[in-house]
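K.L.:
The primary structure of each chain is shown beneath.
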Amino acid sequence: MSSTTPICFLRVENPHHEIQDYQRGMPRWCPGCGDNAILASVQRLCRDEQLPPEKTVCVSGIGCSSRLPHYMNSYGVHGIHGRAFPIAQGIKVNRPDLAVFVTTGDGDCCSIGTAHWIHALRYNTDLTVLLHDNRIYGLTKKQASPTSRLGLRTNTTPRGALLEPLNPLTVSLGVTNVSFVAQVVDWIPDLLHDLVRLAYHHKGFALIRILQRCPHFMDDEFEPWVRNPDRVLVLEHPDGITLDPGLGKIYRNRQKHDLHDIHAARKIASSTDPIPVGLLYCNSDVPSYEALRRPAVPNSASAVARLLDQEFDKFTIWPAEHE
Amino acid sequence: MSSTTPICFLRVENPHHEIQDYQRGMPRWCPGCGDNAILASVQRLCRDEQLPPEKTVCVSGIGCSSRLPHYMNSYGVHGIHGRAFPIAQGIKVNRPDLAVFVTTGDGDCCSIGTAHWIHALRYNTDLTVLLHDNRIYGLTKKQASPTSRLGLRTNTTPRGALLEPLNPLTVSLGVTNVSFVAQVVDWIPDLLHDLVRLAYHHKGFALIRILQRCPHFMDDEFEPWVRNPDRVLVLEHPDGITLDPGLGKIYRNRQKHDLHDIHAARKIASSTDPIPVGLLYCNSDVPSYEALRRPAVPNSASAVARLLDQEFDKFTIWPAEHE
Amino acid sequence: MSADGVEVPVQSLSEHIVEVVSDSGEGAQKCGQAFGAIAARQGKGVWTVEIIPAEIQPPARSIPGASGNRVRLAGHAVSNGGDEADLVVAFNEQVLLSRWRAGELKSGGIIFLEDKWRQDADPGIALAYAQVYDELCAAGFRVHEVPIQAECQRQRPDSARGANMFVLGLLCALYSLNPELGRKQVALIFAAKESSLIEANQQLFDAGHAWALAHLNFRFEIPSPPASEPQVVLNGNAALALGVVASGMECCAMYPITPATTASHYLSDIFEAVGGHVHQAEDEIAACCYAIGASYAGRCAVTITSGPGYSLKQEALGLAVMGEIPLVVVDVQRGGPSTGQPTKVEQGDLLQACFGGHGDAPKIVLAAATIEDCFYSMITARKLAETFNTVVVVLSDANLATSQQPFPRPRFQSDWLAPPPDMDPAAQPQHPYAWDARTGLGPRPIPGQAGGMYTLTGLAHDSHGHVVYDPDQNQEGLRYRSLKLAALQHALQRPEVHGDPDGELLVIGWGSTKGAIEEAVQRLRAQGHRIGSLHLRFIQPMPSGLGELMGQYRQVMTVENNWCDRLDDELITPENRRMSNLALLLRAKYLVDVDCWSEVRGQPSKPRSIVQAIASRLASGSQT
Amino acid sequence: MSADGVEVPVQSLSEHIVEVVSDSGEGAQKCGQAFGAIAARQGKGVWTVEIIPAEIQPPARSIPGASGNRVRLAGHAVSNGGDEADLVVAFNEQVLLSRWRAGELKSGGIIFLEDKWRQDADPGIALAYAQVYDELCAAGFRVHEVPIQAECQRQRPDSARGANMFVLGLLCALYSLNPELGRKQVALIFAAKESSLIEANQQLFDAGHAWALAHLNFRFEIPSPPASEPQVVLNGNAALALGVVASGMECCAMYPITPATTASHYLSDIFEAVGGHVHQAEDEIAACCYAIGASYAGRCAVTITSGPGYSLKQEALGLAVMGEIPLVVVDVQRGGPSTGQPTKVEQGDLLQACFGGHGDAPKIVLAAATIEDCFYSMITARKLAETFNTVVVVLSDANLATSQQPFPRPRFQSDWLAPPPDMDPAAQPQHPYAWDARTGLGPRPIPGQAGGMYTLTGLAHDSHGHVVYDPDQNQEGLRYRSLKLAALQHALQRPEVHGDPDGELLVIGWGSTKGAIEEAVQRLRAQGHRIGSLHLRFIQPMPSGLGELMGQYRQVMTVENNWCDRLDDELITPENRRMSNLALLLRAKYLVDVDCWSEVRGQPSKPRSIVQAIASRLASGSQT
Ligand SMILES: Cc1ncc(C[n+]2csc(CCOP(=O)(O)OP(=O)(O)O)c2C)c(N)n1
Ligand SMILES: Cc1ncc(C[n+]2csc(CCOP(=O)(O)OP(=O)(O)O)c2C)c(N)n1
Ligand code: SF4
Ligand code: SF4
Ligand SMILES: [Mg+2]
Ligand SMILES: [Mg+2]
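Protein chains in written order, with this note's numbering: chain P, 14 to 336; chain G, 14 to 336; chain B, 57 to 680; chain S, 57 to 680.
Please keep in mind that the hints were generated in silico from the structure rather than gathered at the bench. These numbers were taken from a predicted model, which means no experiment stands behind them. Check each hint, because a few of them may be wrong.
[Claimed, not checked] From the structure, some residues in chain G lie toward chain S, with a derived Cβ separation under 7 Å: (1) Glu67; (2) Ile104; (3) Ala128; (4) Pro228.
[Said to hold, decoys possible] With a straight-line Cα cutoff of 16 Å, these simulated EDC-like cross-link-like pairs (lysine to aspartate or glutamate) come out: (5) Lys327(P) / Asp325(B); (6) Lys240(B) / Asp326(P); (7) Lys68(P) / Asp480(B); (8) Lys162(S) / Asp178(S); (9) Lys68(G) / Glu604(S); (10) Lys280(P) / Asp274(G); (11) Lys262(P) / Asp243(P); (12) Lys262(G) / Glu249(G); (13) Lys327(G) / Asp325(S); (14) Lys216(P) / Asp110(P); (15) Lys280(G) / Asp274(P); (16) Lys162(B) / Asp139(B); (17) Lys269(P) / Asp257(P); (18) Lys216(P) / Asp243(P); (19) Lys240(S) / Asp326(G).
Ideal placement from N, C-alpha and C gives every residue a C-beta, glycine not left out.
Could you build all of it, start to finish, from the sequences and the hints given here?
P.N.:
Right, here's the structure in full:
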């Protein structure tokens, strides 16, 4: 029987891993799809951190974005629509030795998966979460998602989306136990990578909302922002991101932001133009769910035998009793 | 066939309604259960507003609190666990002439119903929503709910709840299109009634979180607050509630609060001691979903015939064509 | 000897059914349970059934409010709650009436009734009491008024509680049980409380005992069969929770729902002692997915629920089947459809267990038939789940969940636990679905295992786990997933027939009806009928040989607690009749004209009702 | 006459199957559809089937990337996509290979292949092309290389698009279709665009037409049967959406899912013109509950989904059944289980449609068999839902959803619409469930109606809608809800047999296989077999008399697109064999040894495959 301590085995050799070691197959996303950049950032992180591929798990729901685990040479679960979080929690809590990534879309996370998203924030399991927000349902061919712009014409809103878009950041920041919320865009790979790294090192539920281009259905959606770096507001903090001089020359719209101040975070989160990017909020003091659930004793035959004995004793009638 | 304009019928007489006209059967809640006060406040509102019972619908999920529709002499739906909101939306959007109340519990709304709650806020259908928050699963006999206090011993947390409680107010206030969020306690019936009245008159999704006593399982949970009026902070605003002199003498801990300021609302919402009561946030400019969906034309046989003709024309092959 | 020295005759009984009923919160349940436990400790055969009010706080003195326990005790092992009660102790006349109306009291039976209501300040109450009393007497019941509260208050003027312990003492005296065991049981009940409370309640117990000796001119004795083995007295949900521990599973994910939840309560209490945990998820879908995650990560998990929750899990279960993830799912069935009757027994989920979910998602379906089964089924289910890498559904129901019965104390065997998963780095990259061409069985790479990396997907896939679009590869996956059930079927033993191995009629059942069916068969055989019964624990796949077994009898019928149309309804014809669940499955499989009799009354079926059903089937069958 | 004045022989055909395939995005789908429409406009019998790649953007020139259309055209009405293609136009050799590998090309068939790859700058591509070309020639295909792109660029040097219109012109010439109709169709396709685009594409069309006349030394002609009625050419999802409009329903609640979504897309586009709306909910459960709310409020609603979404709705559907709320649910089935094959056809949800959900939740289950059915089924379903106050499940599938076929243009009848609900104040307070003792039917009070007030509940309830705990009242509710199906069954007509009314074998089918089954039966009858087929549109309840019908044949089998175990698998026995869905139902109901043949290849079954299956069944049956 398996024990709850990390499962170990003899490692014969300890090879150095290259990017290719984390790649599997040919990604089947459209040319120019932002998902490619996100995949690359995860693979880069794995390489930088030298994560053993066999101890890495990518979990997703359903959507274009949720195809990501198929392109990672690691363990993975391409689950069902909206349910990536509880699957990932089940993995991580039972196997804290594994590095677990979650990749999800704006429909997967913010529509059908809403309940799991909110509660995953509250459980605060140590997961690195990439929310690919292309503001549309890609895989099912262009229906409005909760984050679609007011007025966006889609197949289910032929006369324009009726509602203001849901803001995943403000919602997340309203949830008790929220411990890490960031935003970034797919077209600044270095920032994306920085945030993935911060998220990976955060010991809790680290949510990065990534504004992701979907050239196939949402041509131009982000073009004005891509073209004009001043419409991106970089939030800087020593514990968050700081731009290197090169990027700093392009992204001059920067702001010091206290990432421990939830009220400030909520305010900034509300802004959509310029797009704030960076770590909005971080609180390392929230205990992770797997820490709260860490077993005091490992499972073992003797522990089982002991517990059964102890419990059966409470309910046992011994033959002697009624003699 | 039914038309989408409000269904009307000859009203022979227009009787004046008394409280009893809204009562049905004997409520089956425990003595001292806060649900009784909530029921009374709804019935009082109906009487004050002279709502025709047959044009009033109470919708709920499952839980002690969700039994409420059975005790209202009106139409009602005692639905399934967690799904009161979409049922109520289906009713209200299709029949805007009806007054629709939703009554739900902390488990019903904030656990299994989370996705519907968040999206109901965003759709902003005109519903008066009573969230009975007793911080426990009552009907199923004492399991932790998302709003249960850290450390609370319940049947599923025999060594104390592991997580900080979810704050339904901060979550709600993070949702785009949120238009009305209030908090009150079951033991100040006049305030409760004031807020139910404001919620009823708000043309959108009006959520009142009601801290509700469950003497059966949560004896003493709110006792310190019940006993000490200073641990209740009354938020006053001309468009919200203002205490009458009598109550004002008891509840001296009061604060002017700008109920149009979402940032102020989010800050106050985070406080749990003292308990803020009153209208935290209101925005009457958010369009209601039923207004967005109001049909431009009513359904009629001629409209159907016309549309079918128009569409079939696009796909028709006339016998003449290939002669 | 009675208190005044007169010898009271002690009547020896082979069995008796005793009920204790009160308003909810007055402690009749505790009293009945304790009574059952004391009787069991003295070696009687015992079955206790809870009488559960439908609401948390029903109004006092009301018909739907009856709360309590039925205890069937006998000089032999008993397997069900029996027919009508021989004796009832009632704390007020309304709850008594509720049992009478429900047809649960044997006519001419004995009643002990709290008499305080006769003098109640509310004349309405006093009148109601007197009326019911007169009615019962007129109906032939032997009604004994007992001044329960008055006697208790003589003992403890300062407290209104404890009447149930008085009644417990009374019953112990009446059934000649050892009062020392009774006092011990009282101490056990209040073990967590201050010792003064224990003493006070023992005092009331003694008072009840003494009152009975002093005032009753009759007493019963039920022989105790000799016992050789230690027995445990548990309800099905407790047995299930201990079974989870015994199976070596370490993770249970659930969302509260009646009547499943108490299993998780118990598990929450004890699981951490073996490194396990109970995860209360935000809903049933999340619970199921959490369990899938745990199993994927190498810790086979269980998710426990009841009907509505089981319906919600359908989509997630499909993923587990498709991904070939071992998973144990328990459905403690309750009254349906929809919210139905949450606290009541029903067997309405069998077809959904077999056919729920879109597409072809073959699962193993087991049904526990006894409380002992509830324990062992968890060990079996986990083993099957991990051997066949699939979902194993275990059906229990509200009857098993809340009834108590002694069964031989299980002795832990280390092979209950699964062997540790093979985590050696695969010599060469392993195909996650390297299906065995004959059986469909395959390996199960586990994260951490080098060389086993794959991405589980709900999309059609090949043996590598790669997504496929090819028509034949799609069929290959369907074929292997289905083959596994056939492979299991070949390993199943033919179930044993109870009663005659051939004859007029075979009754087939599943689930908690086992005891009542077998008792009914016994009775009819005693009347000279040649009949047998068969109880299925494996429903999907079904063991082989049932066709031959059925062929030994002139008629075959199922007895179930789920709906089937009644042929005496004008519009119902043999052609349009909707059959009971198991009957439908047997008919489709064996093309045998299996009839069905069912009741869906929210109550466990009584042996008497089953006797009637079989008898009328025999009668009509012999006409044709 | 060909361009150089030589008379080209025109071969008259009774039918031909034509495929156009390209990489996704190159327009083969549009070309094929337009070709089908032109042929239909000239009165040919037509069936078009989409060839759908599994991914949004599959790699170029790849086997899984083949995208396009199959068009079967005939001198008579056609009801399915037929067997292998007689002629294929392919934009590259890889997509052609994909069709060949899938067994979709008739050996010796005609191929038109874009020749530009032969000279491709990438030597790998040029080589691949040459290899495939040689293979195909060697295999006996008649391969014609066509300089499609070169010719297009001669016409429009500035654009790389429009090759599909060139091919359309080519095909029109080849099949002797009226080029004027072709040019009109091109105009229709680009109707929403600038007129210069229309002209440019017509120019390419003309070029293709001219090229064919100039270069091909053969031509075909398919006679047009005389037509008397106007026909509409629609796919099943469009027909379904129009059916929703025609039924008078005003509310559709949905959550996107393939292949159901396009029905909702179309409805989103047009529904508001009749005061309706499509609500895109946050998930399928919410969609179902929104629809329940609408129906409760008096606006009978429909919710449209596919397998995974249907699984999620199980619990909510139970509420509608229990509360007796009319509701139409459409499940456009796709490949399962789990995510399965989202764009592919399968008939795997029938048993879940009948038995999904916990407890006894009887629903009406219909299955559309043709595209025309998709339209009328909505009208029928709404009427049934409101007559029987229950859930009506309509099964369609990916084949019906995306195939196109002409059928007589429906003429609106006002009785398609339900009468307005009776909103008169009830004379005396009305029982919401005043069940008719014979049929279980009852009224349906609607909010706004005075005197009708009640609270709908999923708990067991009496005729007042009041919660009940009484065992008999619980059974009463179950009985009435079930009786309604019997009441409907009595009203159903016995389905008509296609083919011989008695004989060697009866094939029974349901859903989109109808056309292929009937064609297979025709072919076998032409070979001298005496067989018939039966297609069920009502599956729950089933029409009466099927037993007698089956009795007219020596053997009975179903043909289905859902899994059944194969008897040639070593471990599969007649006893443990898992049967196809309908076969299981028929066996249980009629105790007739109904065999089944199924394929679950994600493709519509071909008449040829069914012919083989029946023939081998006939052969083995005659041996025994
Ligand atoms: C239960 C269920 N409902 C619906 C679907 C259909 N579906 C697949 S992906 C998707 C939404 C995709 O949108 P998003 O999550 O934003 O991912 P994207 O494709 O944009 O990356 C939907 C509705 C499904 N597979 N399962
Ligand atoms: C699908 C489903 N899951 C679980 C249940 C069991 N259940 C009924 S009420 C309830 C929670 C009640 O808690 P809450 O919403 O806080 O209401 P309260 O009883 O406290 O008023 C649960 C888990 C159910 N009826 N249906
Ligand atoms: S459809 Fe959009 S999101 Fe999907 S792969 Fe293409 S570009 Fe990316
Ligand atoms: S259990 Fe609690 S919430 Fe339920 S009725 Fe009793 S006091 Fe009220
Ligand atoms: Mg998206
Ligand atoms: Mg609660």
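K.L.:
For every hint, state whether the structure bears it out.
P.N.:
Quick rundown of the hints versus the structure:
Interface restraint check for Glu67(G): the shortest CB-CB distance to chain S comes to about 4 Å, inside 7 Å, so the restraint holds. Hint on Ile104(G) holds. Least Cβ distance to chain S is approximately 4 Å, under the 7 Å limit. A least Cβ separation of about 5 Å between Ala128(G) and chain S falls short of the 7 Å threshold, and the interface hint therefore holds. Contact between Pro228(G) and chain S, as hinted, is not supported at the beta carbon level, the nearest pair being about 23 Å apart and thus beyond 7 Å.
Taking the CA atoms of Lys327(P) and Asp325(B), the gap is about 14 Å. The hint holds against a cut of 16 Å. For the hint pairing Lys240(B) with Asp326(P), the CA-to-CA distance comes to about 15 Å; that is within 16 Å, so the pair holds. For the proposed pair Lys68(P) and Asp480(B), the alpha carbon gap of about 13 Å is at most 16 Å, so the pair holds. Only pairs whose Cα atoms come within 16 Å are accepted, and Lys162(S) paired with Asp178(S) is rejected, the gap being roughly 31 Å.
Pair hint Lys68(G) plus Glu604(S) does not hold up; C-alpha atoms about 52 Å apart against a cutoff of 16 Å. Distance check on the hinted pair: Lys280(P) and Asp274(G) sit about 12 Å apart at the alpha-carbon level, within 16 Å; holds. With a CA separation close to 11 Å, the supplied pair Lys262(P) and Asp243(P) stays within the 16 Å bound. Of the pairs offered as hints, the one joining Lys262(G) and Glu249(G) holds, with about 14 Å between alpha carbons and a cut-off of 16 Å not exceeded.
Pair hint Lys327(G) plus Asp325(S) holds up; C-alpha atoms about 14 Å apart against a cutoff of 16 Å. Simply put, Lys216(P) and Asp110(P) have alpha-carbon atoms about 13 Å apart, close enough for the 16 Å limit, and the pair holds. Taken as a hint, the Lys280(G) and Asp274(P) pair is honoured in the structure, with Cα atoms around 12 Å apart against an allowance of 16 Å. The hinted pair formed by Lys162(B) and Asp139(B) meets the criterion: a straight-line CA distance of about 8 Å does not exceed 16 Å.
The straight-line distance between the Cα atoms of Lys269(P) and Asp257(P) is roughly 15 Å, inside the 16 Å bound, and the hint therefore holds. For the given pair, Lys216(P) sits about 33 Å from Asp243(P) by alpha-carbon distance, which is inconsistent with the 16 Å threshold. Between the alpha carbons of Lys240(S) and Asp326(G) the distance comes to roughly 15 Å, so the proposed pair stays at or under 16 Å and holds.
Against the hints set out earlier in the document, violations occur for numbers 4, 8, 9 and 18.
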